[in-house]
Amino acid sequence: MAGTESADHTHHIQKSPAAAQKPPNLRALEGMTFSESMSRRPPRLRRRSISVSSTDSYGSTASYTDSYSSDEDEISPRERPQKNSKGSSDFCVKNIKLADFGRREIEIAEQEMPGLMLLRKRNCTDKPLEGAKIVACTHVTAQAAVLIETLAALGAQIRWSACNIYSTQNEVAAAMAEAGFPIFAWKGESEEDFWWCIEKCITAPGYQPNMVLDDGGDATHLMYKKFNGTFNTLKGIVEESVTGVHRLYQLSKQSKLTVPAMNVNDSVTKTKFDNLYCCRESILDSLKRTTDVMFGGKQVLVCGYGEVGKGCCFALKGLGAIVYVTEIDPICALQACMDGFKCVKIEELVKHIDILITCTGNKHVVTREHLDRLKNGCIVCNMGHSNTEIDVASLRTSDLTWEKVRTQVDHIIWPDGKRIVLLAEGRLVNLSCSSVPSFVVSITATTQAIALIELYKAPPGRYKHDVYLLPKKMDEYVAMLHLPTFDAHLTELSDDQAKYLGVNKTGPFKPNYYRY
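If you read the sequence shown in full-length UniProt numbering, its first letter stands for residue 1, the second for the next number, and so on.
Treat the hints with caution; some may be incorrect.
DSBU-like cross-link-like pairs, simulated, lysine-lysine; straight-line CA separation at most 35 Å [stated by the list, open to error]:
no., residue 1, residue 2
1, LYS472, LYS235
2, LYS253, LYS235
3, LYS464, LYS226
4, LYS473, LYS253
None of these hints come from the bench; they were simulated from the model.
Just so we're clear, the structure is a prediction, and the values are computed from it rather than from any experiment.
Using the sequences and the hints given, assemble the complete structure.
Next up, the structure:
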């Protein structure tokens, strides 16, 4: 995808009769090479204020702490050597026998990930990632497996671990291990397991990583802290989450970032689709699966009115909940008010709410003092990446009793008998307790794949040791890959119109400062 590539990275597919009648923009897309469509240099991203960023600093511990295994089996997968049908043991999963079921899950996800599958089909011959050795630390789900297999089809080698101890689908991990991928992940890892799995991906004999695909910054964190020599030789880092992006900014601010990094989280195709539409559906699914709660008439407090918060608010309001918002940003607060949500301080409402949801990317948004004041039966959960938004550590004291009532659901009981319902121990609830729409994930996964190709194929000097956004042209390309699913017909600018607007007829159609 780099602008200097001379090879045509577009693998043409046979068109159906209906496809032959596609409008000019979509026809142009089908014949467009990555070299032609991705030739513009990305803008350097202005550093954001650290004070409003996400979570733990590089001087702190992991973003996953105080965790323990929830697996029913007492024997850790680390103590049960397994082999796949080809005799390989370079993996560690819950049960390799689940592979067939996991493969079906992956195949189902593929049907709902058209953009990513189209990217794979067009570029599997040219293999733009040939020679890339990627350490991936993401959620281990069927949708992520489609991304990993796409990267492999494009020529990359990948070693994969989980970025969340509860979000791994064991059957998917087994399917990937059976397919020959070195994967180290299972649902219910301990904190020690979590770091061991990442380290197994970094330190494999004969494997010198040159790219990192991260979600939360933990692989980057470990590589920087413990394997600095490897870190300094990387060609690029692609980061998906607010938490991980914040960590990268910290390194950059301290002049310790010795590798270019791509901020996928703030790309248009991540922020405006995954963060909004995915969360809008998955928050309801998570709460229903874990608590069987009825939303009508419930008082809900959503902390944070970014794209994730917006998705949660509109979903809950649509089912009759009375939704309130907390915000630090006056612009987001004004948006909430104009959308019909009352903006309050958490202290003003904490005694009365039925459901409390955090989605800020910050730490200690909900403290022990707040938790002490919640009413009996209040449901508490987190839609941000890190488990530090809710101060769960403050609840692990001798005066409180923890009672596990079902998978990912704990009752925290106070001495007076009051109890709150804590979901997923304060970790990301939608991936810990439910699933996410594959189509929306396809948009984000395609963006991640394109970012990896861009960094890997970029000529020396194009990217400095800093954090970058994808060029607008690439965001538009990701969107174009998904439009055929809806039989969407784009209007084509005339030469005169393009000149009037000061844009190219084939894009990008908006300036970098445009807010969608």
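These are the hints, each one checked on the structure:
1. LYS472 x LYS235: Within the cut-off at roughly 22 Å; holds.
2. LYS253 x LYS235: Holds, because 19 Å separates the two Cα atoms, which is no more than 35 Å.
3. LYS464 x LYS226: 23 Å, holds
4. LYS473 x LYS253: 28 Å, holds
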